[in-house]
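S.K.: Sequence:
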Amino acid sequence: MKKIISSVILAIGLLALGLCVKSGIDNFSAQDRVVTVRGLAEREVKANKVTWPIVCKEVGNDLPALYTRINRTNEIIVGFLKTNGILDSEIAINAPDIIDLQAERYSNNDRPFRYNVTSVITITSQEVDKVRKLIDRQTELLKQGIAITAGDYNYQIMYDYTDLNKIKPEMIAEATSNAREAANKFAADSESDLGKIKTASQGQFLIENRDPYTPYVKKVRVVSTIVYYLED
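If you want the working numbering, it's the 1-based position in the sequence shown plus 596.
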């Protein structure tokens with residue numbers, strides 16, 4: 597009788613062990629059943645900061661005379677800006693950049709002027725629309741004898757968007773929702789159920805111009821990568 601009882605206990609133990617081993621194998625296999633999806637979120641926003649460099653150039657042989665001309669030019673430009681609502685705190689007058697053409701290593705001596713002076717007044721403002729309208733009107737300075745240098749690659753108008761933290765939570769939520777929608781579709785197609793998240797990566801936010809023609813309109817983009825478990 598004791599032998600029968602011992603055999604039954606042993607059989608039950610082996611059965612329990614087998615079930616545990618099977619459960620462990622199933623769980624281990626389930627860990628390999630995952631789906632990796634990406635969720636995209638995009639926003640179009642208006643730039644809320646503009647940096648506008650106003651560039652003027654003067655050439656001549658007399659440095660004191662050039663200094664006087666540059667100061668007069670700066671005074672006229674600053675007056676134009678203030679008259680149109682630009683604040684003192686938004687205006688920065690940079691030190692003039694002076695090039696002695698005769699001192700250049702590869703310069704020849706047949707140039708009519710020795711000095712080339714570049715003066716830059718920089719406007720930095722959060723009143724983007726106001727500054728944009730003023731940029732369109734800068735040719736009015738021609739009436740006062742001020743020639744603005746345009747097209748210099750070193751002095752480009754820059755538009756920035758600085759309120760990313762305000763839209764981050766909504767964009768992350770949207771990217772996550774889009775990723776889950778894609779994962780649910782994949783799970784349904786594979787006749788599985790979507791399980792918990794295994795890993796998630798937010799991705800880096802990218803801010804760029806919407807197009808080359810409207811640099812004051814920005815496109816904000818983020819891609820989240822999420823790995824889900826699949827269950828039967």
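Calculated directly from the structure, the hints in this document are not laboratory data. Every residue, glycine too, gets a C-beta built ideally from N, C-alpha and C. Hints may be right or wrong, so weigh each one.
Pair by pair, the computed Cβ-Cβ distance ranges are [stated by the list, open to error]:
hint	residue 1	residue 2	range
1	Tyr809	Ala688	22 to 32 Å
2	Val655	Ile689	14 to 24 Å
3	Leu683	Asn780	47 to 57 Å
4	Lys764	Asn657	38 to 48 Å
5	Lys653	Thr810	42 to 52 Å
6	Asn780	Tyr809	18 to 28 Å
7	Pro708	Gly741	40 to 50 Å
S.K.: Please go over all the hints and tell whether each is borne out by the structure.
M.R.: Results of checking the hints against the structure:
1. A beta carbon spacing of about 28 Å between Tyr809 and Ala688 agrees with the range 22 to 32 Å that was offered as a hint.
2. At about 20 Å, the CB distance of Val655 to Ile689 agrees with the hint of 14 to 24 Å.
3. Taking 47 to 57 Å as the suggested C-beta distance range, the pair Leu683 and Asn780 conforms, at roughly 53 Å.
4. Checked against the hint of 38 to 48 Å, the pair Lys764 and Asn657 fails, with Cβ atoms roughly 56 Å apart.
5. Range check, Lys653 to Thr810: about 29 Å between beta-carbon atoms, so the 42 to 52 Å window is missed.
6. In this structure the supplied range 18 to 28 Å is violated for Asn780 paired with Tyr809, their Cβ-Cβ distance being about 39 Å.
7. Look at Pro708 against Gly741: about 20 Å separates their beta carbons, and that is not inside 40 to 50 Å.
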